[in-house]
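K.L.:
Keeping their order, the protein sequence lines are chains A and B. Using numbering that gives the first Met the number 0, you'd call the opening residue of the first sequence number 0 and step up by one each time. Using numbering that gives the first Met the number 0, you'd call the opening residue of the second sequence number 0 and step up by one each time.
The hints are simulated quantities; they were obtained by calculation from the structure and are not laboratory data. Among the hints, erroneous ones may be present.
Given that identical chains are not distinguished, each listed pair holds provided it fits within a single copy or across any two copies.
Derived SDA-like pairs: lysine to any residue, alpha-carbon spacing no greater than 20 Å straight-line [unchecked claim]:
no.	residue 1	residue 2
1	Lys24	Ser53
2	Lys282	Tyr267
3	Lys203	Pro268
4	Lys203	Ser330
5	Lys70	Phe55
6	Lys237	His187
7	Lys278	Asp204
8	Lys282	Pro268
9	Lys25	Gly174
10	Lys247	Pro268
11	Lys24	Val215
12	Lys282	Cys383
13	Lys25	Glu175
14	Lys24	Glu291
15	Lys279	Gly210
16	Lys247	Ile75
17	Lys282	Tyr272
18	Lys333	Asp23
19	Lys70	Pro97
20	Lys24	Glu67
21	Lys247	Ser217
22	Lys59	Ile69
23	Lys278	Gly303
24	Lys70	Ser217
25	Lys279	Pro268
26	Lys237	Gly169
Protein chains: 2
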Amino acid sequence: MGVYTASATAPVNIATLKYWGKRDKKLNLPTNSSISVTLSQADLRTHTSVAASSDFHEDKLWLNDKLESIKSERTIACLADLRKLRKEMEDQKSDLPPLSTYPLHIVSENNFPTAAGLASSAAGFAALVVAISRLYQLPQDMSEISKIARKGSGSACRSLFGGYVAWIMGDLENGEDSKAVEIASAEHWPEMKAAILVISDDKKDTPSTTGMQSTVASSDLFQWRVKEVVPRRFEEMKSSILEKDFAKFGELTMKDSNSFHAVCLDSYPPIFYLNDTSKKIIKLIHNLNETENAIIAAYTFDAGPNAVIYYEEKNEKKVLGSLYEHLSSVSGWKDSLVNELNLTSDGSSNSDLHKGVSRIILTGVGEGPQGTNDSLINEQGLPCSGV
Amino acid sequence: MGVYTASATAPVNIATLKYWGKRDKKLNLPTNSSISVTLSQADLRTHTSVAASSDFHEDKLWLNDKLESIKSERTIACLADLRKLRKEMEDQKSDLPPLSTYPLHIVSENNFPTAAGLASSAAGFAALVVAISRLYQLPQDMSEISKIARKGSGSACRSLFGGYVAWIMGDLENGEDSKAVEIASAEHWPEMKAAILVISDDKKDTPSTTGMQSTVASSDLFQWRVKEVVPRRFEEMKSSILEKDFAKFGELTMKDSNSFHAVCLDSYPPIFYLNDTSKKIIKLIHNLNETENAIIAAYTFDAGPNAVIYYEEKNEKKVLGSLYEHLSSVSGWKDSLVNELNLTSDGSSNSDLHKGVSRIILTGVGEGPQGTNDSLINEQGLPCSGV
Numbered sequence: 000m001g002v003y004t005a006s007a008t009a010p011v012n013i014a015t016l017k018y019w020g021k022r023d024k025k026l027n028l029p030t031n032s033s034i035s036v037t038l039s040q041a042d043l044r045t046h047t048s049v050a051a052s053s054d055f056h057e058d059k060l061w062l063n064d065k066l067e068s069i070k071s072e073r074t075i076a077c078l079a080d081l082r083k084l085r086k087e088m089e090d091q092k093s094d095l096p097p098l099s100t101y102p103l104h105i106v107s108e109n110n111f112p113t114a115a116g117l118a119s120s121a122a123g124f125a126a127l128v129v130a131i132s133r134l135y136q137l138p139q140d141m142s143e144i145s146k147i148a149r150k151g152s153g154s155a156c157r158s159l160f161g162g163y164v165a166w167i168m169g170d171l172e173n174g175e176d177s178k179a180v181e182i183a184s185a186e187h188w189p190e191m192k193a194a195i196l197v198i199s200d201d202k203k204d205t206p207s208t209t210g211m212q213s214t215v216a217s218s219d220l221f222q223w224r225v226k227e228v229v230p231r232r233f234e235e236m237k238s239s240i241l242e243k244d245f246a247k248f249g250e251l252t253m254k255d256s257n258s259f260h261a262v263c264l265d266s267y268p269p270i271f272y273l274n275d276t277s278k279k280i281i282k283l284i285h286n287l288n289e290t291e292n293a294i295i296a297a298y299t300f301d302a303g304p305n306a307v308i309y310y311e312e313k314n315e316k317k318v319l320g321s322l323y324e325h326l327s328s329v330s331g332w333k334d335s336l337v338n339e340l341n342l343t344s345d346g347s348s349n350s351d352l353h354k355g356v357s358r359i360i361l362t363g364v365g366e367g368p369q370g371t372n373d374s375l376i377n378e379q380g381l382p383c384s385g386v
Numbered sequence: 000m001g002v003y004t005a006s007a008t009a010p011v012n013i014a015t016l017k018y019w020g021k022r023d024k025k026l027n028l029p030t031n032s033s034i035s036v037t038l039s040q041a042d043l044r045t046h047t048s049v050a051a052s053s054d055f056h057e058d059k060l061w062l063n064d065k066l067e068s069i070k071s072e073r074t075i076a077c078l079a080d081l082r083k084l085r086k087e088m089e090d091q092k093s094d095l096p097p098l099s100t101y102p103l104h105i106v107s108e109n110n111f112p113t114a115a116g117l118a119s120s121a122a123g124f125a126a127l128v129v130a131i132s133r134l135y136q137l138p139q140d141m142s143e144i145s146k147i148a149r150k151g152s153g154s155a156c157r158s159l160f161g162g163y164v165a166w167i168m169g170d171l172e173n174g175e176d177s178k179a180v181e182i183a184s185a186e187h188w189p190e191m192k193a194a195i196l197v198i199s200d201d202k203k204d205t206p207s208t209t210g211m212q213s214t215v216a217s218s219d220l221f222q223w224r225v226k227e228v229v230p231r232r233f234e235e236m237k238s239s240i241l242e243k244d245f246a247k248f249g250e251l252t253m254k255d256s257n258s259f260h261a262v263c264l265d266s267y268p269p270i271f272y273l274n275d276t277s278k279k280i281i282k283l284i285h286n287l288n289e290t291e292n293a294i295i296a297a298y299t300f301d302a303g304p305n306a307v308i309y310y311e312e313k314n315e316k317k318v319l320g321s322l323y324e325h326l327s328s329v330s331g332w333k334d335s336l337v338n339e340l341n342l343t344s345d346g347s348s349n350s351d352l353h354k355g356v357s358r359i360i361l362t363g364v365g366e367g368p369q370g371t372n373d374s375l376i377n378e379q380g381l382p383c384s385g386v
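With the rest of the complex left out, here is chain A (with noise of 0.2 Å):
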């Protein structure tokens, strides 16, 4: 018996030009490009491990130690393409194992807790497609992938790239032009940090999917968004990622948070992803730059009430400074940056923020996706994990 297997980890990212908008559900097409910060793998990925045996007798999904039936079209979708393109290999050189036509087992861990609500999809999504590229020795590069990936999930196709990358929207109809691109690798900005807060929420959100069918099909001012803001947006945003102009990136990412949210609140019925804890968070870094006369800290949100604050590491004191003033009791600080920092908190502030608050998670931008031998598949193609 032959088991064939591959594995890759593959990083979060956190759009800061945000992609909002299908013009194409099924094959994930957005309706304007965007732009991410791919995060540190140390802090935050997936690892994936994918074996192909004549022996399997179907694909099978592991996802954090629970068997999960791969019934969703989008994972489908995904394995279908991979497999064409190794079908085209095998159809050329007659000699390859025809793993094309072998079932997949899929073992696939995150090192994060999903119940912290972080988007897990694009590393998921990203990790999935780049180790079973591997299993099958593709010879296409990270932006053809991000191809396949993109139509797992939208915004998965930015963390085939590490650094700073744009998801270019493209013109055609079948998506064949709607691809990641790196803008800057990590190294051109390596003192970017992201502290990711975590917040404490009640009520379900509305699924980012069905929120952006709703947006686009009630809002009244999403059209302009699409077609006047953002692609200017897009281009300002590229050249302060270029020229490492934190001030101008930093400016840009709050509106472009705001925008969106913007969006949101003008579809019908509303969609609200703030709460008031987000609120209180917005304020509080517009107090902070507007303390030291310059933007050093940017905050943004996806579908959710998470705030992702962006610095650089020369801000850091000022900024988890700020942060540990109301937050000190949320879970998540390194007691060895929090010395280092000679961080403190007199617990005199009056705020309630920390109420809101459950956990911080100190990051920074990271590499993109990577092969590794370490597998989460035995031999027999089973979880080493034993479930």
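Assemble the complex: chain A is given as a structure, and chain B must be docked to it using the hints.
P.N.:
Using the frame of chain A, we list chain B on its own:
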């Protein structure tokens, strides 16, 4: 000694198509036309008495029993305009007493607590200009007078009429064509009711003038709102009023409230007027309409968290029933109405909505300003209340 007096009352109005943005700050000229419903003076009104006498030493204003200095440029502009019109009359008829040269004593009272956070400036400036117009026996019609009230507070011009009122933005630089007109009288559609939910809020809202300036200067979506969204909506809302089409009127009202708060959020820094309680009310109204499979209630929010719910009298039991379920414990319910409609609350509601609402005010569409012989000023030209 001759003391000339006159009195008037004027109503509050709540916009259903929002005024947000000035093209001229001094003249209060708006960037878009707006529409409002005038509310009944039985529940919310300002009562103003004015007196003129050559024996007075200076213009004086008693507001809710407190002597205030008249130093607001806006009030001074209104008084100057009214005196100018009076002066023109006096110049033509030399036997008229020269009231335009006499100092004014002004006494003004609201029949609702200022603490409720309801914008009382509209009713206040409307009552002021109507009372002085009566004192001066000005021949100008209400639309003409509305231009003077507009200089006091933009939305005040709409309080010069009862029923359903449009403020036509106008094109002229001097503002001479920016005035209120009646779309339809209260009698045309007397079944319109309004429930005002006064929201408890500890934070200080951005003053509307400051907020407007910030939105005009910084929101990328704002230009689209005023150029494309509002003009179309204005015509649609006007038709819905003339046709008494509540479903259409309600949908447009909710959409425009959301659009206004969306451009606030799109401002930089973002402006938030809606809080988590406001959002719960929005959700509650959409749920109610969904259950009824028809739009029977519509929310709107001004530059603060307070909600105004419009509905037709025939749906009073359904709409107030839905509110009473969550809000039976807040003050402002009329026992007679609760009994008549047989409203009940079994206290089993899981919602904590009542915690965020301090008061309900039940009212409906009403008449415009009224002259009255009920004077708040005595024969000596001082407040009857004796302060």
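K.L.:
Are there hints from earlier that the structure breaks, and if so, what are their numbers?
P.N.:
Going through the list in order, the structure violates hints 1, 4, 12, 14, 16, 18, 19, 20, 24 and respects the others.
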